[in-house]
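Undergrad: So that you can map any letter, position 72 of the sequence shown is 74 in this note's numbering, and since no number is skipped, the others follow by simple counting.
Simulated from the structure, these hints should not be mistaken for lab results.
Cβ coordinates follow ideal geometry from the N, Cα and C atoms, glycine included.
Certain hints may be false.
Label-pair restraints from in silico Cβ distances [to be verified]:
#1 25 to 69: 14 to 24 Å
#2 26 to 85: 19 to 29 Å
#3 79 to 54: 29 to 39 Å
#4 79 to 32: 17 to 27 Å
#5 74 to 51: 11 to 21 Å
#6 51 to 85: 17 to 27 Å
#7 50 to 82: 24 to 34 Å
#8 37 to 66: 11 to 21 Å
#9 85 to 50: 32 to 42 Å
#10 68 to 28: 32 to 42 Å
#11 32 to 75: 17 to 27 Å
#12 75 to 31: 12 to 22 Å
#13 77 to 38: 16 to 26 Å
#14 76 to 29: 14 to 24 Å
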Amino acid sequence: MRDEEAREVAFLSSGRPLRDRELAHVVSSVSGFSKDGQRLGLIIEAWNETPGPAPRYSVVSVATGDLLFETSEDMKSYQRLLR
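Could you put the whole structure together from the sequences, leaning on the hints where they help?
TA: This is the structure in structure tokens:
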């Protein structure tokens, strides 16, 4: 993975990677990989004073670093992409 791709993944949230860069707190964790190893699941929370109601669940291509899917509610689609 190139540095640029890793940097993009670190700033994902609500489809606007640069938006969260200026927030005071960003917490992310890896939630899993697809069975074929091609997709990575991430959970990202970002806030200034108090955490939001729900984290963002993102699926990223391991090969390209591209954002494939993001949601804060559609857990069925998120889990399906990580199978």
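Undergrad: Which numbered hints are broken by the structure, listed smallest first?
TA: Going through the list in order, the structure violates hints 2, 3, 6 and 10 and respects the others.
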